[in-house]
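Asks: All chains, please: the whole structure from these sequences, using the hints.
Chains as they are written, first to last, in my numbering: chain A, 1 to 711; chain B, 712 to 1422.
Accuracy of the hints is not assured; some may be wrong.
Unchecked claim - Here are the computed lysine to aspartate or glutamate pairs in the EDC-like style, where the Cα-Cα straight-line distance is at most 16 Å: (1) B/K1082 x B/D1047; (2) B/K1075 x B/D1050; (3) B/K1379 x A/D74; (4) B/K1283 x A/E566; (5) A/K189 x A/D227; (6) B/K1069 x B/D1047; (7) A/K656 x B/E793; (8) A/K311 x B/D1047; (9) B/K1075 x B/E1030; (10) A/K311 x B/D1369; (11) B/K1283 x B/D1179; (12) A/K311 x B/E1373; (13) B/K1379 x A/D187; (14) A/K656 x B/E951; (15) B/K1022 x A/E566; (16) B/K1022 x A/D658; (17) B/K900 x B/E956; (18) A/K231 x A/E220; (19) A/K358 x A/E382; (20) A/K668 x B/D1047; (21) A/K56 x A/E103; (22) A/K568 x B/E1277; (23) B/K1091 x B/E951; (24) B/K1270 x B/D1300; (25) B/K1352 x B/E1093; (26) B/K1279 x A/E566; (27) B/K1022 x A/D599; (28) A/K572 x B/E1277; (29) A/K668 x B/E793; (30) B/K1082 x B/D1050.
In short, the hints are calculated from the structure, not lab data.
Protein chains: 2
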Amino acid sequence: MKFSQKLFLALCFLLYTATSQAQTHPNLMLTAGNIPAVKAGCNDYPLLKKSYQEIKAKADKALSEKMDVPVPKDGAGGYTHEQHKNNSANILACGTAFQITGEPKYATYIKNMLLLYASQYEQWPKHPKQKSNQIPGKLFWQCLNDFVWQVTVIQGYDMAYNAIPANDRATIEQHLFVPIMKYFTQDCKETFNLIHNHGTWCLAAVGITAYVINKPEYVEMALKGSDKDGKTGFLKQLDELFSPEGYYTEGPYYQRYAIMPFVIFAKAIQQNQPSLNIFKYRNNILAKAIHAALQSTYTTGNFFPVNDAMKDKNFISDEMVYGVDIAYADIAPEADLLDIARQQNKVVVSNAGLAVAKAIAEGKAKPFNYKSTFLSDGAKGEDGGLGILRYGSNASQQCLLLKAASQGMGHGHFDRLNLLYYDNGAEVFSDYGSARFINIESKFGGDYLPENKTWAKQTIAHNTITVDQTSQYNANLKNAEASHATLVHFEVKDNLQVVSGREDKAYPGVGMLRSSILFKPEGYTKALMIDVFQVNSTAEHQYSLPFWYQGVITDASFKFSAATTELKAMGKDNGFQHIWLNSDNSITDENSYITMLNDNHFYTTHFTGTSPLQVKLVTLGAGDPNMNLRNERGFILEQKKSGSQAFISITETHGKTDPTAETTTGAKSTVSALKVVSNDAAGTTFTFTAKGKSYTCKLDYSSKDKFIQIQ
Amino acid sequence: MKFSQKLFLALCFLLYTATSQAQTHPNLMLTAGNIPAVKAGCNDYPLLKKSYQEIKAKADKALSEKMDVPVPKDGAGGYTHEQHKNNSANILACGTAFQITGEPKYATYIKNMLLLYASQYEQWPKHPKQKSNQIPGKLFWQCLNDFVWQVTVIQGYDMAYNAIPANDRATIEQHLFVPIMKYFTQDCKETFNLIHNHGTWCLAAVGITAYVINKPEYVEMALKGSDKDGKTGFLKQLDELFSPEGYYTEGPYYQRYAIMPFVIFAKAIQQNQPSLNIFKYRNNILAKAIHAALQSTYTTGNFFPVNDAMKDKNFISDEMVYGVDIAYADIAPEADLLDIARQQNKVVVSNAGLAVAKAIAEGKAKPFNYKSTFLSDGAKGEDGGLGILRYGSNASQQCLLLKAASQGMGHGHFDRLNLLYYDNGAEVFSDYGSARFINIESKFGGDYLPENKTWAKQTIAHNTITVDQTSQYNANLKNAEASHATLVHFEVKDNLQVVSGREDKAYPGVGMLRSSILFKPEGYTKALMIDVFQVNSTAEHQYSLPFWYQGVITDASFKFSAATTELKAMGKDNGFQHIWLNSDNSITDENSYITMLNDNHFYTTHFTGTSPLQVKLVTLGAGDPNMNLRNERGFILEQKKSGSQAFISITETHGKTDPTAETTTGAKSTVSALKVVSNDAAGTTFTFTAKGKSYTCKLDYSSKDKFIQIQ
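Replies: The structure is reproduced here in structure tokens:
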């Protein structure tokens, strides 16, 4: 921390401790002075009304059910896990319902529930099940879940505070919240001081609780770390976990998850120590983080599933509802955030939610401004990053992601220079995400499956080159963390966009340079996706470049003949043990292509290399005794015994089928004659024909001004 | 034909020929006298307005494009195929646009286009490509497409009629429509007289054209067959193609397709010979056919994909838009049809569409009344049929289909006693449908793939018993057509529904009896799906009962260990050559089950047999060199060397996951202890426990009153 920051913080903290006796309730997402306005808004603004009705229904359902605070026993997805989780959600719902209706029964529910917890919490041992490599919680099998529980519960308590008798409050605080804060700061001290999303959740739980029950010393720990020296704590997290553009190094799935405690705690700080100006901290880093998370989604709202990621996850999740509402209401009222809120179809019943719902009702929403952007990685933005190219309207956007970032800690995959490609609302070239059935206890306790390590993290699971059938960095996390991919070039013009990244340490003696392009030729409505992947080595290697696709192959330039009576696994390790080899073709002709039909649209990938290619058609699912894997399909371009080399491909979106009307148009690609002219470390030149017109594409890797020319 | 029908028809026909000079235009879906009302409706009623705007946009696009009437050359999906198809749609769109706007340019387009066709049609030979086993058309590779073209075009011509100069009309009629009618009645005579949907399209094309250009002798042929003796023709089709409940023997996919010419021709008859009272013919058979088609859908709108069927097909298709509009406007204004129209989000811009759009605008729509029903098969309703059981609201309906029908002609599958099961808007136990990429030329010309015969039609592709790894009737169509499955029992009460069917000739010496049940125990919100499949034989056989499921297996009572390094095909023929065997388990324990997660809902199937079972987990895709098949998955219950036998299963819907909120509830089934008490030809008795309560289910196959008792 810089000296000026230190001073600033110290002053602010003094100011807080001096004024903290004036604590009011509620004073977090919903504040005492604003209740009448939110109440009125619950009638006036449809989105707030709907959101409130859902909360109220949840609260009423909670009141109608038997209260149960079971002794913690089960892992994720099991009864006690879900019950404690549900109790916390009920407490939050009842807090909101109490503030809006004023009916004491909701506050009573919270009081009774928390007294039940308070009567048991101190007696409970650490959770009997323990998630591997995690500190256990007391309520849940990992302390992370306890942190989340507390962040939720304390908000409900804050809302019911004034309706709970002082002696009950004392019981709850002394026998539940203070012990919890102690557990989090002492038993979980390692996590509390960790610069990591688990750390953020931990200190947010402590910090918010400390504001609500007025324990300034814990606020100070939350802000400055348990030694109160600023080496860890919330501000340090803000300094280090996000890149200058707000990218979170673990990747979008975890960025979404991490955002929740950041914004809720920031809001609590803003309410209790407004002079800290937390939303302006580090040049508005929180706003940038929220925007970076949104820019890390495709137009479906789904986060780019790089690193460990559940692919279903999208910006409708509660974390992003909090993020978007606070970004709009507390940071900057940007009209395109309202588009996201509209798609979320939900606001937090709060000051922020009121502002958002009101603005939407007033017709202020604009389509979300998806951008082509490079999100740098690393606290200083010097560790590579995600290159994102987009073309076309949100309704049928083409989107290309090149991952040229750092490892992203333990949830990172060995997938440097991975390419994802989306179009027409669908994944075209996809990533597996993580191998996990989250919260489904019968599937490895809902945790990451063994196949997450043996398949999902391995290089061959991704659309990037695997050398000699081994993974990057031999799948060794420590080695991979020691370096990062780098950005070579990023350029966005009207009809030509390019991102280029380099990775030279993943395989000893092999330099890898990938340049991915969206180019819209005249007379086309959609861009061509052009991909140039160069490998440089003085030794001979086998290079395998998979394109894991969605949909089905409907055409190819070559006759493949898939294995009919027996399928064999491609290899024994490094992920290859999970791949069934359907067919293997030597490509001898020019004009090679594969056409896929995906969600009623055709995609043709034309490909060539600087030496003859093999094309393997493959299906995922070997080496999977418990049938944990999805049967995804891919084609792998392969070059054997080759030193320096390039793979070049052009993917055209064309035509469509209408299964209801039973019509098909444009089933044939209009691109042809893809040929390499030259390829060396300085540049790559190739030619192709599109709708009868010839183009030459020249990449000059050392030029800034003329990195790419297509004529 | 009965004598009274004959007389009736003869009188009506005389009446028509006597009055036919008074022909007005347009006089089909849109009639001259009603134009002002439809015009006004295009402003007043949102659904008609939207539908009209789409037609108008299509017409305007047609006018902006270069007219092209190419010499026919390509098969389905190819350029000339799609161009001629599109020309016909443009003619219809321009006819409508002309009537609503009154702008002559639209009629001029039709005139010019049809003159282009008239200048070439007679010179064109039969289509150079010929679809296998089909009479070729002149425009298309099968005459069926020519019929459809003409049904479309003649409607456009009728609407433009009064704006086309008489000499041009003479040219068009003499050199296009009359030659077409000759081609259809002479070259395609066999099809014209066929009691089959191709025949319906053929005679509808001839009959409607004959009304429009006033050729009574062709009307008579269309109604009574080319010999005008009533042995074939439209009325005979109405007599024979539908069962008394309106079921069409080829199955729902083709029923939808067949409905179009039936309703359009009927509407033409109604306009031109109202005294025929065609909509009342055979006790309102057309209304019944439309309703039967709608009852043959799941709540998603998708038709039950039995026999050859494209699974995407649903009631949004144009044929059903015509059907629903005419059913509501011309037959009986049932408010629940408006729900379908609302989901179709489209009406025909016509008298009927006006009535539907107006009623919807007036708020008259009611949820479609899905029923549990038995749709009998065969002209007399004596050839078995489809048993359909439904439980719950349209939003989360459970639906079970038991197919105990006749073969359904050449598109029929060898799948007697096949079971389909749906819930929560998704397929749970599914049918493959047909193996076909319709209109995708690179995939076998868009026609049925070879795998349609080798896989989709074979018994093992369906959720019914395969005996000794051979298909029913040895997959011989003629033998299969000689008999039909029969209904044993159909009963629907509030919390207990059952359908039972028998098939005794599919395998020599093996009697098969299946009873499928929806039973809602007290304290449940959803019904259990109970299935009892009994086989009786004095000889020993191998019985294989697959459950082809959607989703993924998340749990099982037994530890399966799927093949990891090598997959082998299950067999060499009868469909088994297309199945990869993942695992094979002998089931020794009681309480056997498999749990699947499907669209975030859990389904657990508990199963038992009267002798020990093998369970095979399988994946489709072997024996498929061109990778034409989808990789669907199933589990097969198997009993080897067993004479009489029963398979009993109970499938419970339970719990759900929310991938956005990352919560899971009710992942464990509440059913257990399924045990057979007794099983013989007279009945089957078994017990099970549901939420702790014991039940005994007794099936008495010979009893009408007490066929099933659950206590």
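Asks: Compare the structure with each hint and give your call.
Replies: Verification of the hints:
| no. | hint | verdict |
| --- | --- | --- |
| 1 | B/K1082 x B/D1047 | holds, 12 Å |
| 2 | B/K1075 x B/D1050 | holds, 9 Å |
| 3 | B/K1379 x A/D74 | holds, 14 Å |
| 4 | B/K1283 x A/E566 | holds, 12 Å |
| 5 | A/K189 x A/D227 | holds, 10 Å |
| 6 | B/K1069 x B/D1047 | holds, 14 Å |
| 7 | A/K656 x B/E793 | holds, 13 Å |
| 8 | A/K311 x B/D1047 | violated, 39 Å |
| 9 | B/K1075 x B/E1030 | violated, 23 Å |
| 10 | A/K311 x B/D1369 | holds, 13 Å |
| 11 | B/K1283 x B/D1179 | holds, 13 Å |
| 12 | A/K311 x B/E1373 | holds, 12 Å |
| 13 | B/K1379 x A/D187 | violated, 34 Å |
| 14 | A/K656 x B/E951 | violated, 38 Å |
| 15 | B/K1022 x A/E566 | violated, 29 Å |
| 16 | B/K1022 x A/D658 | holds, 13 Å |
| 17 | B/K900 x B/E956 | violated, 30 Å |
| 18 | A/K231 x A/E220 | holds, 12 Å |
| 19 | A/K358 x A/E382 | violated, 40 Å |
| 20 | A/K668 x B/D1047 | violated, 43 Å |
| 21 | A/K56 x A/E103 | holds, 12 Å |
| 22 | A/K568 x B/E1277 | holds, 5 Å |
| 23 | B/K1091 x B/E951 | holds, 8 Å |
| 24 | B/K1270 x B/D1300 | holds, 11 Å |
| 25 | B/K1352 x B/E1093 | violated, 35 Å |
| 26 | B/K1279 x A/E566 | holds, 5 Å |
| 27 | B/K1022 x A/D599 | holds, 14 Å |
| 28 | A/K572 x B/E1277 | holds, 12 Å |
| 29 | A/K668 x B/E793 | holds, 14 Å |
| 30 | B/K1082 x B/D1050 | holds, 15 Å |
Against the hints set out earlier in the document, violations occur for numbers 8, 9, 13, 14, 15, 17, 19, 20 and 25.
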